[in-house]
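Chain order of the listed sequences is A and B.
Residues 477 to 1111 in the numbering used here are what the first sequence spells out, letter by letter.
Residues 1058 to 1250 in the numbering used here are what the second sequence spells out, letter by letter.
Simulated from the structure, these hints should not be mistaken for lab results.
Don't be surprised by glycine CBs; every beta carbon is placed ideally from N, CA and C.
Mixed in with the good hints, there may be bad ones.
[To be verified] Among chain B residues calculated to face chain A with C-beta under 7 Å, some are:
#1 Ile1095
#2 Leu1116
#3 Ala1119
#4 Asn1123
#5 Ala1129
[As the list claims (entries may be wrong)] Derived pair list, reagent style EDC-like, types lysine to aspartate or glutamate, alpha-carbon separation capped at 20 Å:
#6 Lys1099/B x Asp509/A
#7 Lys1082/B x Glu679/A
#8 Lys1082/B x Glu678/A
#9 Lys1082/B x Glu560/A
#10 Lys1182/B x Glu1232/B
#11 Lys1082/B x Asp542/A
#12 Lys604/A x Asp537/A
#13 Lys726/A x Glu692/A
#14 Lys1099/B x Asp537/A
#15 Lys726/A x Glu690/A
#16 Lys1082/B x Asp489/A
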Amino acid sequence: MSSMWPSALASLDESLAELDGNLQLLEAARPVDLAHVIERLKMAVESSHNVRTLALSDVPDADWQDREHLVALFEARDLERRREQLAALADELERGNVVHRRAARVAQLTQLRSKAVEELRSLAAAEKAPPALPGPDAPHWIEWACSLKEPEDTASLQSLRAGFSRLDEFVAGLEPGMWATSGSTPQARPSVDPAAEARDLEERRARLLALASELERGEVVHHRALRVTQVNHLRDQAIQELRMQAAVAKAPSTLPGPEATEWMPWACTLKEPDDADALQDLRDGFPRVDEFVANLEPGMWVAASTAQLQTRAATPESVTEPSHREEPRAQRSEREAIQAAPTAAAALSDPGFATVIPLETSPKPNFLSQLTPRVSSFARERWRLGLPIAVLLLALLAAMQWRLHRTHADTSPVKAAEAAAPNTSITSSANASAANVAAGSPAARTPEASEKTGKPKDTSAAAKTPAPQPPPEKQVAMLNDASLRTPQAIPKNAAVKADEASATGLGEAPGIVPGALPGGVANAVPNIVRDGPTNSPKLPAQKIRVSSGVAQGQLIHQVTPSYPVQARLAGIHGTVVLQAVIGKDGKVQNVHALRGPAMLVQPALDAVKQWRYKPFAVNGEPAEADIEVNVNFNP
Amino acid sequence: MVSLWPSTINSLNDSLAALHGSLGKIKAARSVDISEVIEQLKSAAESSRNLRALVLSELPEASWQNREELDAIVEEISKRIEARNLEQRRFRLLSLATQLERGTIVHRRTVRLNQLQQLRDQATKELRSQAALAQPPALPGPESDEWIDWACKLKEPEDADSLQSLRNGFARLDEFIANLEPDMWTIKKETTA
């Protein structure tokens, strides 16, 4: 009615105005069309009746004498109704709930709602006339207000802003779907199909579970196990949070970002203020996930599908490496033992090493400058935990190797060793480890070095394993396979010879070399047991295969490759993988490229040729070493 | 006709006032009797038509657009009527004076006859004197040829108003008539030339 009475009165006044014109003609004794005037009179009476009905419908016992009184009556009723409307909206706001996936947002909006309610009640109770609230009645008001947009609804918005600043602020922050009346579904979604909503809910839950699985399958990689442990702990909490969110009865928060397989790279590249919204959503809905990814740098995550590729791409100089959270213990210990070469820390602390780092593919070149203290710290922190495990695993490996040697020694040990060596990084690593232990370097002989040899160590150096490696799972399979594999062609007398080998003992087995074997065939067994009472004859030192991590530890002089300007301008970057032979004198004798960008090969070759290593040794005898070197060029 | 002016105008004004009262109720959305309002409207229209007819009878070429212009025309017509009334009043006084001069007083006694002759002369002078005024008083009674008969028949208290009017405006004429009996006055009939 408040919007009807002015128009009804206006209609009446219009009829009266035309009638009044005819009355003026009569008053001036001028001719008029009486029939027309009578019609006008009837219309005026009809309009008057409408106004009267309008007034009485709202206030049945209303009484008035003249027009002024009637208008005052209407205005008073309007004022009363306006106050009622404000109070009703205040009640409506109080009855409803702000719905949002983020508690902080709900709290913020609820606070705004409280201010809006207070404003409405204050205006309703004020002595002076409250401003007119635009829009429909209270039950439909919020839906209406949430649909206002500029510039189409500028007038309503301006009216709202001018008269109800708090209310305006509240609805400005309220999106459709974020308001639910008491005991009802959100108002902004009245038309949502329940089935579709259920599907949406399921999809949302599925996304959370998929990401939880993705987080479980992936690996946190870092040059410090402590950090890996910390981040893994955060990951576990994030996974738990995701699963809890997916399991709750109410609608889980919406996870921002892409699908699970692409989620981690996306999340790790979020930055403020560019991605403030996504970060806020993540923070509000998934604080644990947020904390996890906040602690995760882009290079610290290896997705399950790319873990192997990442491992293979690791460079000798890179200090980051998968932490092998889910890696089989045997494999991990083996690698850690290899990477525990005491020369690594010394080499990394070489200023020359630091100078070459910026050119290489480490995801965070600047943190390489911090590598030396981290490695030292890691060596101090981790050995207590890893030492017993490593010793046990090495013993197990030694037993398996010994069994293999026995099997092959009957036919051609050298050929068997050569055939087994090149394609298996595990074998190569074990070999390299043994080589280092046997290298007899001063560092290796120190008590500290002895500890490092046997305990888990910073895995950064091992990440640079040059040979292609299968995924961790495959590595386990291969390792087990290598241990238990049935020979494809078993000599007829194999069993007999195995028995003989067993009977004669390890060191006495003919053809078994207790030190490094040609081609890098696992020689860990002799090394592990070298302190035992063996009389194995010393063989002439031969070329050994050394892992890039071990080789890095032996590096004493490094020349930084020059980055061709044309390549840099053309955006050519990447890793040049070189194969080199390190002479007994530690010089690089023969080097050639295996792969890498063509424009970068020659600079890499030129640089590596000038590198110098500490001489490698097998059982104290100088030996040539076959190594792979990864040279990284980053623009 | 002169008396029609105020009555017609008043009638129109009264009708319009009633109509405006009803329209006020209509404007205030109060209940009204529509048939009564229509009757008021018709009455106002009738009064308006009468007034227009009066104006046009006095000034056939008159033209106006509103009430103010109408009022000005009515005022002009009123002045004309007033002037005409004064002239008519003056004419009656002079006509009566002439009539008194032409008549003859008849009485058996000469003293009485001379006395009445003298009163007649004073009355005649008074009439002529009054007719010379800018606003001559209105002489009650009929036209001059019937006036002596009418005046000699006036008697109190029945004709007190006319006698009072006569006494107030025309004291000498009143004294002459008061001494004149109906059979004491004779007048020669005017012969048509």
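Legend entry - Hints violated by the structure (numbers, ascending): Hints 2, 3, 5, 7, 8, 9, 12, 13, 14 and 15 contradicted; others consistent.
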